[in-house]
Amino acid sequence: MSIEDIIKPENLVYQKSKLLTEKPFHYCPGCGHGTIHRIVAEVIEELGVDEDTIGVAPVGCSVMAYDYFDVDFQEAAHGRAPALATGLKRVWPNKVIFTYQGDGDLAAIGTAETIHACNRGENITMIFVNNGIYGMTGGQMAPTTLEGMKTATTPYGRKATLPAGAGFNGIPCNGYPLRITELIAQLPGTKYVTRQAVYNPACVRKAKAAIKKAFENQINGKSGVNFVEIVSNCNSNWKMEPVAANNWLVENMLPFYPLGDIKVDGKIVEK
Amino acid sequence: MGELKLMKGNEALAEAAIRYGCDAYYGYPITPQSEVIEYLMEQNPYERTGMVVLQAESEIAAINMVYAAGASGKRVMTSSSSPGVSLKQEGIAYIAGAEVPCVYADVVRGGPGLGTIQPSQADYFQACKGGGNGDYKNIVLAPASVQEMADFVALGFDLAFKYRMACCILSDGAIGQMMEKVVLPEQKPRMTEEEIKANYPWATTGRKRGTQHRVITSLDLDSTRMEAHNRHLQEKYRLVEENEVRFEEIECEDAEYIFVAYGSSARIAQKSVQLARAEGLKVGLLRPITLFPFPTKAIQNLIDRGAKGFLAVELSCGQMIEDVRLAVNGRVKAEHFGRVGGIIHTPEEVLEAMKKQIIGE
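Note that the protein sequences, when read in sequence, are chains A and B.
Under our numbering, the letters of the first sequence match residues 1032 to 1302, in that order.
Under our numbering, the letters of the second sequence match residues -18 to 342, in that order.
Okay, chain B solo, but in the shape it has when bound:
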């Protein structure tokens, strides 16, 4: 069994990376996720497992280091917070185009621009709808606890290598900074050069004489080939949508009114469900665990089972609500409630919003 510890979300992410057998972390400090690199440096993972940790000169350099090492079959990750993740978008677009597996965590803070250092979920669009140039998607996992900060490192790497794409752990300042108990996984060994070469024939590990040399690139000036490459990427994203949707339903069996919330908002909405149930209201919570792929069918099934309205609860001015509305497709009411600028909603005001905007007094 794993080891039980009391940790910050950021520290749990870092410790889970070492234990997963991650080969390298390339990062740059930014509040509220600096504990990730601080924890890693303090743990000296090179001594523990041979894992490399490097503080880069910028987020741009860090993501490009991730791109290169990931393209050589190594398990590499980075993390940052919103303005830093904006800088990483160039590299993330190249990673998508060149089909490089990697994991990056975004411990989201308020924006736009330098914004604030308090928690926010205002980068849903950036994480789920692109952010860099071109038609691409990243797998986006939304941890709602310190435990999931740890668990999603392994899940993220498994998915990233299964589909050869970036996996984003979309956290927020609250999940990153809060302390909870966490069961840490057992230490796994890092992959050997032989294992990497056997498992990832596409990886640039140095070509064998007499075999075709490998190229990792997002460039092709031939439009016909580039269209085919884009179609291939879209087909891959469709497979991800078909096979990798993850979500949690809380008190949804008989629910008529349903909160849709992820990350720290889901933790608050879970409390709002309890308050509503105490008042005799049939309220439930749908918590998307994957934001891309979004649990569209889960929402449609809830309507089929009698749901009369949805309230998307987000620390934003309304981003995930667009995906909720696309799923609902006008069949029932779907509205948004959110606090922004670093303010976190209370369970009471969330329930109040449900009553006012969806149930009707």
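Just chain A, with the same shape it has in the complex:
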């Protein structure tokens, strides 16, 4: 049997979502963005809301997410995506509004917009990709960078605080890695808050189910922010091969950023 005999429509068991354009991803091989884009697109397609969906793209590696999703999109300034989503949802309450942001965008420069959109309980879906580093600008420290992690701006590793008794003597200190997802889960305006990953197929399936719930809640008019963090990798700026990066993620990121639902239907999940 030749390959041409096998490639037939009746043998097709899987294809990319119709809501992903033909444009090739610019993401590095091994990066999680491609998988996350795919499952977001699949969810919108499965829910059949593509004609009423408006996405908001961030500044960062996924700045041109609008090239890949075949739905209407707006490009935000760095950190402002939740403000755009608020502005949209308030005048289009029946449309499906989602943001897609990285950790620098959502948890550093856009902290105010993130916290206040969550605190107002905007009925939107927020996808938060946390890879612990600034990818697009070349691997600088993010608010989510782990202690000890080396980046372009913490070349000797992130130091959270000064040594005891050091006072101010010029020793660089960078503060603690920020678990913003746990922080916003405390706000009464958040409806569904979860942390997922996409480093293996089982995780991808769980992450997709979480994203689906985050969209369904919005569509069903349950007021409150639906927030999905996805712990992802940045093998290029972590300076690792893709498999090594995923292993490093499991060994280092997940102990600090544990996976699972944090808040469901407005109630904190007891661990």
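No wet-lab data here; the hints were simulated from the structure.
Being a predicted model, the structure only gives us computed values, none of them experimental.
Be careful, since some hints might not be right.
[Said to hold, decoys possible] If you want a taste of the chain A side facing chain B, the calculated C-beta under 10 angstroms gives, among others:
| id | residue |
| --- | --- |
| 1 | Glu1082 |
| 2 | Ile1085 |
| 3 | Ala1116 |
| 4 | Leu1119 |
| 5 | Asn1125 |
Cβ atoms here follow ideal geometry from the backbone N, Cα and C, with glycine treated the same way.
Knowing the structure of chain A, use the given hints to seat chain B on it.
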């Protein structure tokens, strides 16, 4: 006919927004324009017309809410005062780049920095010459009365949607805070989703299956396309300059010496014209209504008709005078007079400045 009321400038702006059929106001309190959002909240426009009013967490968030809603074809506005408008410049630059229509009012106070809460016109440069990054312009309307605070909401939205750009209502603390009688327009209906989709095919309202999805962005990493986009913006601004210049001439028919003043300075200079005429001096006033586009040709025509000198009267250390001098182009004398820091000039000192700096004793 419209309804006659006694109102503050800030309140007239807010009421006119509701009556225009504005879809949303996103704002943040700052003196001397907090009455705008207070009035809107008190009026409960959601009950009246379905208009959304939201107090944002910052001016930055507010302008970005405006950006998004405007980019989906809704008529959205914000307002602030000088330090707050500085914070909005990021969003205004994105609005210019992405060609989003919107209206924002700047009820200017003294600066720099936190400055003062008293009236000022020291943000002419910021409003007319940029303020954010990149080569861009906003249409700038300068109300000189409470009536114009109301009227320029409709004019602002009409121009903003005609050219897909931001329209700034550049007011000041005096115009915003003072009370005058105002004829309010009739209530217009808000646009329906069908009307928005039919009128604004560029708007991100959710794409129809099988059609190209729409993207509102100011980003393009391809230099050739970005140069073309910048040329397109400049061509649009040129059309605005060709078609949208608005100004008022007061006692200019036989005037030899002319005040150029906008907003509250124009109201004071108008009195100075009366004082000058009482002394037999042939003095007039050119009041730019649009600051961008600036009435350059109107100044040149006045020189052709015999004007011998111009005095730009501003509540600043000299900003609009640069545009006056570019228009005059060295043909006659053009000087600046202004009080700053929140002090407003008197008609007498304005006339005195004209005598001293332009006419010569």
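Right, here's what the structure says about each hint:
no. : hint    : result
1   : Glu1082 : holds, 5 angstroms
2   : Ile1085 : holds, 5 angstroms
3   : Ala1116 : holds, 7 angstroms
4   : Leu1119 : holds, 5 angstroms
5   : Asn1125 : holds, 9 angstroms
Going through the hint list in order, the structure satisfies each hint without exception.
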